[in-house]
Amino acid sequence: MTSRLKNSLLFLALVSLLAAGAPALAQEPLHQRIDQLVESNLIGPAAAIANDSEFARRAFLDLTGAIPSSAEARAFLDDPAPNKRELLIDRLLASPRYAVHMATVFDVMFMERRPDKHVPAPEWLKYLQGSIEQNKPYDQLAREILSADGTDPALRPAAKFFLDRDAEPHSSGRDVGRIFFGMDLQCAQCHDHPLVDHYLQSDYYGLYAFVNRTEIFTDAAQKKSFLAEKSDGDASYKSVFTGDAANTRPQLPGEGEIEEPRHRQGEDYVTAPAANVRAVPKYSRRAKLAELATNGTNRQFNVNIANRLWAQVMGRGLVHPVDLHHPLNTPSHPAVLDLITNEFVAQKYNVKWLLRELVLTRAYQRSIDPAAEMSSQLAAASQQVPAVEAEYNRLKGVAEASRQAANTVRDEMKTARTAVEPTEVAWKKAEAAVTEAKKPVDAAIAAIGKAHGEAVAKQAVVNAVTEASAKVAEAAKLLPNDKDIVASAATFTAKQQQVTGELEAILKIVTDQTSAQNAAQAKLVEAYAPADAAYAAMVEARKPVDAAKAKVLVVWNQHKADALGAAVQKKRLDGLQGHVAFATVVASAGPAQAAIEPAKVELAAAVQSVEQQQAELTKQTTAVAELEKNMTEATKSLEDAKSQFAAKQVIAQSVSEALAKSEAALQKLPGDAELTVIVQKLKERQEPLVKEASTFEQAVTVRDAAAKEVATQMTAMKQTMTTMTAEMAARQMVVTAKTNTVNLAMAAAQASLGAVESGKASLVDSWTSGAAVRPLKHLTPEQLGWAVMQATGVIEPQRPGVDAEIEKTNPKGNVANDAAKTRSRDFEVEALLHEKNRGNLNVFASMYGQSAGQPQDDFFATPDQALFAANGGSVIGWASGGQLAQRLNPMEDPKALTEELYLSLLTRRPTEAEVNETTRLLAARPTEKGIVVRDMIWALVTSAEFRFNH
Amino acid sequence: MRCDYACGSNEHRMARRQFLGTLAAGGSMMGLSALAQPAATAELAQQQKRVLVFNMAGGLSQLESWDPKPGTPTGGPFRAISTSVPGTQICELLPETAKQMHRLAIVRSVNTKEGDHGKGAYMMFTGRKQTPAADYPRIGAVAAKALAPDEGGLPGHIQITASGGGRANDAAYLGPKYAGLLMGNGQPPQHTTRPDGISEVSDVERNAMRRAVNDRFLSRRRTAMTDAYTYSYEQAQQLMARREIFDVTKESDQDQARYGKHDLGRHCLLARRLLEKGITYVQVSHSNYDSHNENFNFHLEQLGEFDHPFATIVGDLADRGMLESTLIVVLSEFGRTPNINHLFGRDHWGNAWSVLMGGARVHPGAVIGKTNEHGTAVVDREVDHGHLFHTYLQAVGVDSTKSFDIDGRPIPIADPAYSAIKELLV
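Heads up: the sequence lines are chains L and B, in that order. Every position in the first sequence, counted from 1, becomes a number in our numbering once 334 is added. Every position in the second sequence, counted from 1, becomes a number in our numbering once 516 is added.
This is chain L alone, in the form it adopts within the complex:
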């Protein structure tokens, strides 16, 4: 058994299982089934359900394009009914604003804010509003838009789609693809799509072929444009990359080329094209498009609108962007997309029903706050990865195999196609001969037509002249002598003959041309046969190609399904891996954070040891200083002793020298009394002197020893000092190292916190696209404009005037006892109120909307918008002069004032902090209350909370 077959069996088994459970499932409303599918498929945690304020604001915006008034908000918030949300949804869907709002939604979807060309916006909006008010099924709406030609006044607005695109076939073909089938095939115009494998050039030209015969016809008399259509015109293309060329019949996305009737030239028009004549073919390709797209069987048509309605209320398509359906742009919930598509078709394209089911889901009602707790989901994710990964790899193989199979059969088809070319050429040639043969017929018909016109005119002349002639003849009889009259009678008779002759000549042209026509017609009929035969031959030759194409279609669709299967699995795998990666990031964030403390402790210890050493060093430095002082003193005292000793020695020396000289003299003069006395005295003097010097010498010795002692101490101390300094440096290096460790740990912790944050952000993104948390959805320019005007109170004051205007044509008194008529009148009032404010809405559209003709969903914010809000006259004027300001200004109690302010603008009661804030602002400028109120209104209107539907 092949694995494919095994899968198919498995699938069948699954289907029968589901079918067995079907009766039970079918009992459950769609919204419950959606939630079961969404919630059974969740990878991360689901957000809580939004509170009443947020639900009310959201439901109002999504279903009516407006926000609740403060009274509506109070009533809803204070309503204790457990089913109040469902009641509100039903009330909003039944309100006249629903139709007005959804008409804008469809207008933007179909026309993408293009400037008006042939159908004025008010007519078009009226048509859409009326359609939605009567809850026209979407297939019917689409059928009307695709098929209307503008001639039926009731449906003329529906022709806007093609008319305002000037029926340009590339423009309309592309937009039919995007808007009705959710496939932006634009890049496949010149070659197979370079970036989307599953968009082929043949897909583009298949749609193009439906519309390329449609053209604009402008009626000169009415000065109005309509859609005309030719009965011929090929959709042929050649790839600028591969040179591969083909001619395609119309083909819907996912389907094969359609079979078409053939009408012979000359028999192919209900109204043949001619000057100032709108061509209407017997077989209209555009009408065929309308029929085939909307007959319920084209899956892509059905999926597109289901997805777009989902996106409309959910803020994001199951397939996103909504015009990029292809297997690798996987739906977030394939099963949900299938379910809502099938149910929507089963409910006969009931838009209101589907929207109701969607807004009843928990998926719709979730809060914008992502769930905080997700440990169990993270644990589960890692367990699932291996199986999902294995399954993905298997499916990838399957998809690759079917791709190759598709390539093979496509090559076979292309080869087969070459055999048809000669028969196509032969047929075209035969058709060209028919065209030639038809020319004399056309010429004769034209000549007959012209002659007929002339004959009618001439006949009138003949009649007039004949009548006049008879009258003048009568007068001539009565006045036979009046020369002038008689002459006139003759002139008239001559004139009568002349014009009668002219008429006959014209009638002869008719006769001649009629026989010419008959002759030409006979030749034309002769030319039909070869063309018929050539066509039959071509059709015959095409049969194998058509068979090959059918095979390509089957295999290609199988490949697309396989590619989708693989992509779905890949998406799940990515989601799981994202959660696993996040768990890893979170897991490493803890230790990274924890590593900081021990490193800090070690650093502190190192710092402490440096400090200790510093203290020791300080002590040592003091001791060294002390010792240095001692050393200075010892050196000084040694030097003192030395100089004293030296001084004494000098004296002793000189006494000794004097004694020696005196004794020498005494020996030469022995007994000289005086000399003897001198010697005696000198001897007496010398002795104490020597003694004294010796004492000083001793002191020198002692002090020298002391100085040496201090020097020794000094050397030792300096050595200690060196050791201690080295120790200090070592300890300081430890501190540096530890500081580094701490810094690294802190950086690592910071990085992992950053990783946690960005990981969380991308998880929140995945939860958002997985409908597990509510996205922030920017208000469309129309919602923003309406909400600002409505909340500041510039809409309601217009209502009495608008009502009075409606009263002229539809008095209240006439409808009072008829609920349906009352409802219809309310709708008229609401529609007119909207129309009266369209100018202001257009200002918002051009300021906050995307460029005309581009997809309109993307958000952007520019300073010129902010400057418009901050300094432009509109918003400031409404904030200061609207009914809201008028309500707030007389309010004495700041608390009550703040509550009214917040309920009016943000649909919620203020927090205590917010009350304090406004109270402070009001108190700070007591004489400027009006200004403060205006500024507070402005601040809330320009806040992100107002700008985003949350």
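In short, the hints are calculated from the structure, not lab data. Beta carbons are placed, not taken as given, at the ideal position from N, Cα and C, and that holds for glycine. Check the hints yourself; a few may be wrong.
Claimed, not checked - Straight-line Cα separation of at most 25 angstroms, DSS-like style, residue types lysine-lysine; simulated pairs:
1) L:K572 <-> B:K645
2) L:K451 <-> L:K572
3) B:K629 <-> L:K572
4) L:K572 <-> B:K793
5) B:K645 <-> L:K451
6) L:K451 <-> B:K918
Claimed, not checked - Cβ-Cβ distance ranges computed for the label pairs, FRET-style:
7) B:Q753 <-> L:L1087: 28 to 38 angstroms
8) L:K1229 <-> B:E716: 20 to 30 angstroms
9) L:D450 <-> B:G700: 22 to 32 angstroms
10) L:T1245 <-> B:E716: 45 to 55 angstroms
11) B:N701 <-> L:S1092: 39 to 49 angstroms
12) B:S679 <-> L:G590: 31 to 41 angstroms
13) B:N701 <-> L:K1229: 47 to 57 angstroms
14) L:D1192 <-> B:N701: 27 to 37 angstroms
15) B:E716 <-> L:D672: 53 to 63 angstroms
16) B:D923 <-> L:P487: 36 to 46 angstroms
17) B:S768 <-> L:K451: 29 to 39 angstroms
Take the given structure of chain L and dock chain B to it, following the hints.
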């Protein structure tokens, strides 16, 4: 202002009407993509790449400008003169520009095969043929998207036009954020002054309250959208504070005299000011070169006005060291026929004409391609709008072979069927 010599073709009238329509529709708006952080340093400004485009609206004659053919039956009455590049001659109507040619380069082999004003302009500004099924962003929007600093905030794309204001509809799928801000006759953007009724205290307090409300809300959920939204208000305030960027009268009297007091002189000086203040793309329009009759008189007059301020801005950008980072392009929707018609005019001609470039990575003094003796055909290195578009972008360091990611759709920046004129880039 009526332009008698311009062609009266339907397309031309239409294009003109659409143009005026755009201006009128934009009249009540103002368009700014973003505005600069005051902290943007001079150094950063040096590194930032810029583009200055002169749109010679109506179709400048290549024969009376960059590719003269004097003394031939198609050459017209004017002489060719030598330039600062030995061997390169241009028309004598551009004597000042001739002295700057060592900083500029000429592509003389442009063949766009398009003689329709609207289609030709579309091709030259988008690098693609106009097709009903798609709209492509103009070069200014592409430059703003690719080059304008994200964290900056000054508008990335400014067009100095004859009149009007607001936001052009020329960014296609890149979105209005990159659309051209139109400075009609050099007027500063709208709504950049506080209205009389809002005192400074009010402005401070209302913004403080707005921020406080935002902080509470955004502490719950912040996204790229909410960031862009709240940032747009900060940008608006900065823009108001830096409004003088747009005020050419703040330039010195001497410079105003140097550039000339006429509109084009003022617009060129404003262009210099904007480029110096960090605007990425500035476009100056000079109109109207659609000289179906009296081609020579009109070129004498028009280029007489153009030559001096153009040469001045080229010299100034070079002197200020900005030329290395600023691409200069002088283009039209097409050139003009070699054939001189019976009204002494030249008609629409897309088959052999010239575009002037300079600065950034453009090889100074280069001359690319050649036309034949009478200028009736390209004989060497034929290029068209597609090659030029790639070249402009690569000259300012944008890899034009890459794609923009537009909300999940990758869209090639420039037509992948073409490549840049490599030898023109250094």
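key: Unmet hints by their number, sorted upward, for this structure   = The structure breaks hints 2, 4, 6, 10, 12 and 17; every other hint is satisfied.
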